[in-house]
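Novice: First to last, the sequence lines map onto chains A and B.
For the first sequence, this note's numbering assigns the number -4 to the initial residue and increments by one for each residue that follows.
For the second sequence, this note's numbering assigns the number -4 to the initial residue and increments by one for each residue that follows.
If you are wondering where the hints come from, they were derived from the structure by calculation, not from laboratory data.
Do not take every clue at face value.
Stated by the list, open to error - Sample of chain A residues at the chain B side, in silico, Cβ under 8 angstroms:
{"id": "1", "residue": "K9"}
{"id": "2", "residue": "I27"}
{"id": "3", "residue": "N39"}
{"id": "4", "residue": "R40"}
{"id": "5", "residue": "P42"}
{"id": "6", "residue": "P44"}
{"id": "7", "residue": "N69"}
{"id": "8", "residue": "E154"}
{"id": "9", "residue": "I203"}
{"id": "10", "residue": "L218"}
{"id": "11", "residue": "I221"}
{"id": "12", "residue": "Y225"}
{"id": "13", "residue": "S231"}
To be verified - Derived DSSO-like pairs (lysine-lysine); straight-line CA-CA distance at most 27 angstroms:
{"id": "14", "chain 1": "A", "residue 1": "K220", "chain 2": "B", "residue 2": "K295"}
{"id": "15", "chain 1": "A", "residue 1": "K220", "chain 2": "B", "residue 2": "K220"}
{"id": "16", "chain 1": "B", "residue 1": "K295", "chain 2": "B", "residue 2": "K251"}
Predicted model only: the values in this text are computed from it and were never measured.
Just so it is clear, CB atoms sit at the ideal spot from N, CA and C, and this is done for glycine as well.
2 protein chains.
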Amino acid sequence: MKPYAPGEQPPPGKFIKLNTNENPYPPPPAVIHAITEAASGPLNRYPDPMSTSFRRAAAEALGLPGPEWVLAGNGSDEILTLLVRGFVGEGQSLRLPSPSYILYRTLADIQGASWEQVEFDEDWRLPAEFSQSRDDLRLVLLPNPNSPSGTVVPPAEIESIANSLACPLVVDEAYADFAEENCLDLVQRNEHILVTRTLSKSYALAGIRFGFLVAQPQIIAELTKIKDSYNCDAISIAAATAAMQSQAWLDENVAKVNQTRSRLASELAGLGFDVVPSQANFVWCTHPSGQHRAIYEFLKTNQILVRYMDFGDWGDGLRISVGTDEQIDACLLMIQRALTQLPGNTQR
Amino acid sequence: MKPYAPGEQPPPGKFIKLNTNENPYPPPPAVIHAITEAASGPLNRYPDPMSTSFRRAAAEALGLPGPEWVLAGNGSDEILTLLVRGFVGEGQSLRLPSPSYILYRTLADIQGASWEQVEFDEDWRLPAEFSQSRDDLRLVLLPNPNSPSGTVVPPAEIESIANSLACPLVVDEAYADFAEENCLDLVQRNEHILVTRTLSKSYALAGIRFGFLVAQPQIIAELTKIKDSYNCDAISIAAATAAMQSQAWLDENVAKVNQTRSRLASELAGLGFDVVPSQANFVWCTHPSGQHRAIYEFLKTNQILVRYMDFGDWGDGLRISVGTDEQIDACLLMIQRALTQLPGNTQR
Chain A
-4 MKPYAPGEQP PPGKFIKLNT NENPYPPPPA VIHAITEAAS GPLNRYPDPM
46 STSFRRAAAE ALGLPGPEWV LAGNGSDEIL TLLVRGFVGE GQSLRLPSPS
96 YILYRTLADI QGASWEQVEF DEDWRLPAEF SQSRDDLRLV LLPNPNSPSG
146 TVVPPAEIES IANSLACPLV VDEAYADFAE ENCLDLVQRN EHILVTRTLS
196 KSYALAGIRF GFLVAQPQII AELTKIKDSY NCDAISIAAA TAAMQSQAWL
246 DENVAKVNQT RSRLASELAG LGFDVVPSQA NFVWCTHPSG QHRAIYEFLK
296 TNQILVRYMD FGDWGDGLRI SVGTDEQIDA CLLMIQRALT QLPGNTQR
Chain B
-4 MKPYAPGEQP PPGKFIKLNT NENPYPPPPA VIHAITEAAS GPLNRYPDPM
46 STSFRRAAAE ALGLPGPEWV LAGNGSDEIL TLLVRGFVGE GQSLRLPSPS
96 YILYRTLADI QGASWEQVEF DEDWRLPAEF SQSRDDLRLV LLPNPNSPSG
146 TVVPPAEIES IANSLACPLV VDEAYADFAE ENCLDLVQRN EHILVTRTLS
196 KSYALAGIRF GFLVAQPQII AELTKIKDSY NCDAISIAAA TAAMQSQAWL
246 DENVAKVNQT RSRLASELAG LGFDVVPSQA NFVWCTHPSG QHRAIYEFLK
296 TNQILVRYMD FGDWGDGLRI SVGTDEQIDA CLLMIQRALT QLPGNTQR
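If we strip away everything but chain A, and leave its shape as in the complex, we get (with noise of 0.2 angstroms):
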């Protein structure tokens, strides 16, 4: 079994890290307060089991019927882990786009299922393929916003793909902060849609690991039967907490982030490369040169981290982490550098 490999993890500050999607920002004050506080509780006590403050939290703030629409997990690989294990048995299956995050094939090998990769179109459209029911498929899993390509598919779209599926499927929303639609208003209409998210990247929390699922309350009490007991801490629990409490601070962090990805993706484009518009914190590029290897080898030499992503036959290319303007102008100007030294260029 090929293990999933994530984005290198330099030794803090060495690098300038555009690699693993994570926010450039610190995150809100709160959360820093709410930890402090937290230090100080009692911590030889076991923890909440269902992290019961912060699911009040997050179904306030995204305005959802009640707390028992949520499940609050060790970041949204747990949640993502406990969906595979609940609903993917051994030598059954499930389905994931192409290109996209490839941790769920290895979900489906640790669980001695299997996967089925149905490849998006030329525009990053689903074919009707997708859509298909099979006897063995239990869960379809989809990232929207997706990666590496940041793409939508668009709520309604996803809606008809559940009407069509015998089984769950689960939206992965962990960029969806950033884009302009999302998908939790399906779930209260479907109970075969399951929404994803994640504290890691809108609210700049990779650090303490904390993500949730959205979905009918049914499905959360079967869920909750397997998952640990204990399976988020206190102090997490109370950052956590603090973070959906500051829906302010989102809302300028996420502008803010969206805005330099703008002007990443043009300046990208002034220099050539084909990008992929973005809904997320990232965007997907690739050069006619087709020397995206090299490009990346040269950036990490010069202390910039980007992610070079190889999908075998459908081609290779960059994913750019949207960073401070400050990171993004030293990565532009060394992919300039870069393709004044690429052999065969024709810019020197």
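Assemble the complex: chain A is given as a structure, and chain B must be docked to it using the hints.
Specialist: This is chain B only, laid out in the frame that chain A set:
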């Protein structure tokens, strides 16, 4: 499937909690300091996927050859889940003693695996049956000290059990810091002996969810492939590292808890209870009246929570966690009062 039901978690402050084997004292001061410091660290960045600082501190504190003998987890629950997922496939089976920690059964159920219980004999020793190999047996789990009894199977006997089995033997040492012996040395001699530990009990850190596995490096490497990439968060890694560096605090805390344990055991005996000699931070006791549930209910009405456990045909009893001396005094007083008020009691 019947989910595992952890002990009750009442709102903090209202009850004397002697039901989930938490440490009654606050954690090491260095831990609080580490959390506060980590709170102003780069929380927007992903944590170290391998919890390196913790593994180093744990290897040093426990005299292991190196950090590659340690795998960190989000509570020892996560470690146990990983072990079952890693070793036991659908349709295969695991073995556990009885009465013991029934979470293992739930983990088997979740995995679509089966479980087999082997009863301790009357002196809390394991019958030969526990060591017998079987084709579909893929994992044997043994809490040592055991819960609810607090008894210990001597390391020499554990080594001989491991040598008879064809599959790995997990020694769950959640309570080992309170015991006279442990199995860490055996791990270095036998790759089939795996030891799990938690910081929830002896380090007074149930609130931060941190546990770990000690096993030979090749086992750690395999299990690393199936864990969530970032299974421990930045703040609990910092807290757990500081805890492992607080060995003087640990010795002092264990001495205090064990002293109160002796007093609790002898005073319960004075009240007519049969008390099993314990090497953990709790005691298991039964009363000739058989009125365990009534005593539990009486205590609960009086804001004292102990654990009532009913093992079916085997019988029932009370598991009482070692609290502070004041908490134990209050508990003993209420037990005495409960006994006086029991229907048909002879002490009126």
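Novice: Run every hint past the structure and note whether it holds.
Specialist: To see whether the hints hold, each was checked on the structure:
A cut of 8 angstroms between beta carbons decides the hint on A:K9: the least distance to chain B is about 12 angstroms, and the hint is violated. For A:I27, the interface hint holds, since its Cβ comes within 8 angstroms of a Cβ in chain B; the closest pair sits about 5 angstroms apart. This hint holds: A:N39 has a C-beta 4 angstroms from the nearest C-beta of chain B, less than the 8 angstroms allowed. Hint status for A:R40: holds, given a least beta-carbon distance of 5 angstroms to chain B, under 8 angstroms.
Contact between A:P42 and chain B, as hinted, is supported at the beta carbon level, the nearest pair being about 5 angstroms apart and thus within 8 angstroms. At a threshold of 8 angstroms, the smallest CB-CB gap from A:P44 to chain B is about 6 angstroms, leaving the interface hint in force. Contact between A:N69 and chain B, as hinted, is supported at the beta carbon level, the nearest pair being about 5 angstroms apart and thus within 8 angstroms. Among the interface hints, the one on A:E154 is violated; its C-beta lies about 30 angstroms from the nearest C-beta in chain B, farther than the 8 angstroms criterion.
For A:I203, the interface hint holds, since its Cβ comes within 8 angstroms of a Cβ in chain B; the closest pair sits about 5 angstroms apart. The criterion of a C-beta within 8 angstroms of any C-beta in chain B is not met by A:L218, whose closest approach is roughly 10 angstroms, and the hint is violated. For A:I221, the suggested interface contact is upheld, since its CB lies about 5 angstroms from the closest CB of chain B, less than 8 angstroms. Checking A:Y225 against chain B: minimum C-beta separation of about 6 angstroms stays under 8 angstroms; hint holds.
With its C-beta approaching chain B no nearer than about 6 angstroms, A:S231 sits inside the 8 angstroms limit, and its interface hint holds. As the CA atoms of A:K220 and B:K295 are separated by approximately 26 angstroms, the hinted pair is consistent with the 27 angstroms bound. Only pairs whose Cα atoms come within 27 angstroms are accepted, and A:K220 paired with B:K220 is accepted, the gap being roughly 25 angstroms. At most 27 angstroms may separate the alpha-carbon atoms for a hinted pair to count; B:K295 and B:K251 meet this at roughly 26 angstroms.
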